[in-house]
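Colleague: In case you want the letters, here they are:
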Amino acid sequence: EADIYQTPRYLVIGTGKKITLECSQTMGHDKMYWYQQDPGMELHLIHYSYGVNSTEKGDLSSESTVSRIRTEHFPLTLESARPSHTSQYLCASSEGLQGTQYFGPGTRLTVL
Amino acid sequence: AQSVAQPEDQVNVAEGNPLTVKCTYSVSGNPYLFWYVQYPNRGLQFLLKYITGDNLVKGSYGFEAEFNKSQTSFHLKKPSALVSDSALYFCAVRDIDSSYKLIFGSGTRLLVRP
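So the sequence lines, in the order shown, correspond to chains F and R.
Counting from 1, one number per residue, gives the positions in the first sequence under the numbering used here.
Counting from 1, one number per residue, gives the positions in the second sequence under the numbering used here.
Do not rely on the hints blindly, as some may be mistaken.
As the list claims (entries may be wrong) - Anything over 10 Å on all C-beta distances counts as not near chain R; from chain F, calculated:
| # | residue |
| --- | --- |
| 1 | Ile-13 |
| 2 | Gly-14 |
| 3 | Lys-18 |
| 4 | Thr-26 |
| 5 | Asn-53 |
| 6 | Thr-55 |
| 7 | Ser-61 |
| 8 | Ser-62 |
| 9 | Ser-67 |
| 10 | Pro-75 |
| 11 | Glu-79 |
| 12 | Pro-83 |
| 13 | His-85 |
| 14 | Thr-86 |
| 15 | Leu-112 |
Unchecked claim - For the chain F half of the interface with chain R, some residues (derived, Cβ under 10 Å), not all of them:
| # | residue |
| --- | --- |
| 16 | Tyr-10 |
| 17 | Lys-31 |
| 18 | Gln-37 |
| 19 | Gly-40 |
| 20 | Leu-43 |
| 21 | Tyr-50 |
| 22 | Gln-88 |
| 23 | Cys-91 |
| 24 | Ala-92 |
| 25 | Gln-98 |
| 26 | Gly-99 |
| 27 | Gln-101 |
| 28 | Pro-105 |
Claimed, not checked - Label pairs and their calculated CB-CB ranges:
| # | chain 1 | residue 1 | chain 2 | residue 2 | range |
| --- | --- | --- | --- | --- | --- |
| 29 | F | Gly-99 | R | Ser-84 | 26 to 32 Å |
| 30 | F | Glu-63 | R | Ser-3 | 23 to 29 Å |
| 31 | R | Asn-55 | F | Glu-79 | 31 to 37 Å |
| 32 | R | Asn-30 | F | Glu-95 | 16 to 22 Å |
| 33 | F | Val-12 | R | Gly-53 | 43 to 49 Å |
| 34 | F | Thr-77 | R | Gly-62 | 36 to 42 Å |
Quick caveat, the hints were computed from the structure, so don't treat them as lab data.
Cβ coordinates follow ideal geometry from the N, Cα and C atoms, glycine included.
Turn these sequences into a full structure, and let the hints steer you where they fit.
Modeller: So, in structure tokens, the structure goes:
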């Protein structure tokens, strides 16, 4: 079944740790996105990708980095996590110019 | 600048009653509009979208939305609310400067009481 997956679903780590949040989609979509959702519910686009080897920063500045080596895979990395990174991270994908974005289940990150 | 507004942080409705979640937009050109729902500890689920054509759009779970160009609105509606409809609802508009990006509203929490 075509879907979009995120792992882990929940992560609690200490300050200074390096982490990678995984996102994979089996829908063959060319575009992928990372959103950060704060406790106030609002969604902020932090990274997006048009396709393989293409990445762009989103509307909200983020200390995280992303890569797109394969169409289906769009991992997000934090080199040194801080409490301010505590949030929910949502991955999404879409196809073409006007395709609907479909979202993964999210990763809830807590940095102590 | 393009924007989406959801004027209500929370909407309360009794089960069985009709519900409306409001959304207004500001874009230049023709808008592409979307509604998503988010249940606790989950990602966003696509409900429906308006691209062109009939102003009344039907979507998943019995939801529908009415596009009103003169009022620049795209309100989400359901004739009879269920307790299980209680969730967070987001309206979004396509960013015409980057047609694959979405601009999201701030979200509206819907609470359906038994």
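Colleague: Indicate, hint by hint, whether the structure satisfies it.
Modeller: Hints versus structure:
1. With a least beta-carbon separation of about 18 Å from chain R, Ile-13 of chain F lies farther than 10 Å from that chain, consistent with its non-interface assignment.
2. Non-interface status of Gly-14 of chain F relative to chain R is upheld: no Cβ of that chain comes within 10 Å, the nearest being about 23 Å off.
3. Listed as a non-interface residue, Lys-18 of chain F keeps its Cβ farther than 10 Å from every Cβ of chain R; the least gap is roughly 24 Å.
4. Listed as a non-interface residue, Thr-26 of chain F keeps its Cβ farther than 10 Å from every Cβ of chain R; the least gap is roughly 15 Å.
5. At the 10 Å boundary, the C-beta of Asn-53 of chain F stays outside the reach of chain R, the nearest C-beta of that chain being 17 Å off.
6. With a least beta-carbon separation of about 14 Å from chain R, Thr-55 of chain F lies farther than 10 Å from that chain, consistent with its non-interface assignment.
7. Residue placement check: Ser-61 of chain F keeps its beta carbon more than 10 Å from all beta carbons of chain R (closest about 16 Å).
8. Every Cβ of chain R is farther than 10 Å from the Cβ of Ser-62 of chain F; the closest lies at roughly 16 Å, confirming the non-interface assignment.
9. Residue-level check passed: Ser-67 of chain F sits 19 Å from the nearest beta carbon of chain R, beyond 10 Å.
10. Annotated as non-interface, Pro-75 of chain F keeps its C-beta farther than 10 Å from every C-beta of chain R; the closest such distance is 17 Å.
11. With a least CB separation of 25 Å from chain R, Glu-79 of chain F remains clear of the 10 Å interface cut-off, as annotated.
12. Taking the minimum C-beta to C-beta distance to chain R, about 20 Å, the non-interface status of Pro-83 of chain F holds against the 10 Å cut.
13. Annotated as non-interface, His-85 of chain F keeps its C-beta farther than 10 Å from every C-beta of chain R; the closest such distance is 18 Å.
14. At roughly 15 Å, the least C-beta separation between Thr-86 of chain F and chain R is larger than 10 Å, which holds for a residue marked as non-interface.
15. In this structure Leu-112 of chain F is separated from chain R by more than 10 Å, as the shortest Cβ-Cβ distance comes to about 20 Å.
16. Interface hint at Tyr-10 of chain F: satisfied, since its Cβ lies 9 Å from the closest Cβ of chain R, which is below the 10 Å cut-off.
17. Using the Cβ-Cβ criterion of 10 Å, the hint placing Lys-31 of chain F at the interface with chain R is satisfied: the shortest such distance is roughly 5 Å.
18. Interface restraint check for Gln-37 of chain F: the shortest CB-CB distance to chain R comes to about 9 Å, inside 10 Å, so the restraint holds.
19. Here the hint on Gly-40 of chain F is kept, as its CB sits about 8 Å from the closest CB of chain R, short of 10 Å.
20. Given hint, Leu-43 of chain F at the interface with chain R, holds; its Cβ is 5 Å from that chain's nearest Cβ, closer than 10 Å.
21. Of the supplied interface hints, the one on Tyr-50 of chain F holds, with its beta-carbon coming within about 8 Å of a beta-carbon of chain R, less than 10 Å.
22. Given the 10 Å rule on beta carbons, the hint for Gln-88 of chain F holds: about 8 Å separates it from the nearest Cβ of chain R.
23. Here the hint on Cys-91 of chain F is kept, as its CB sits about 8 Å from the closest CB of chain R, short of 10 Å.
24. Because the beta carbon of Ala-92 of chain F sits about 8 Å from the nearest beta carbon in chain R, less than 10 Å, this interface hint is met.
25. The interface hint given for Gln-98 of chain F is met, as the beta carbon of that residue sits about 6 Å from the closest beta carbon of chain R, less than 10 Å.
26. Here the hint on Gly-99 of chain F is kept, as its CB sits about 7 Å from the closest CB of chain R, short of 10 Å.
27. Among the interface hints, the one on Gln-101 of chain F holds; its C-beta lies about 6 Å from the nearest C-beta in chain R, closer than the 10 Å criterion.
28. Using the Cβ-Cβ criterion of 10 Å, the hint placing Pro-105 of chain F at the interface with chain R is satisfied: the shortest such distance is roughly 5 Å.
29. Checking the proposed 26 to 32 Å range against Gly-99 of chain F and Ser-84 of chain R shows it holds: the Cβ atoms sit about 28 Å from each other.
30. At about 27 Å, the CB distance of Glu-63 of chain F to Ser-3 of chain R agrees with the hint of 23 to 29 Å.
31. Between Asn-55 of chain R and Glu-79 of chain F, the C-beta spacing of about 49 Å breaks the proposed range 31 to 37 Å.
32. For Asn-30 of chain R paired with Glu-95 of chain F, a C-beta distance near 20 Å keeps the hint of 16 to 22 Å intact.
33. At about 47 Å, the CB distance of Val-12 of chain F to Gly-53 of chain R agrees with the hint of 43 to 49 Å.
34. In this structure, Thr-77 of chain F and Gly-62 of chain R meet the distance hint of 36 to 42 Å, their C-beta atoms being roughly 41 Å apart.
Of the hints listed earlier, the one the structure fails to meet is number 31.
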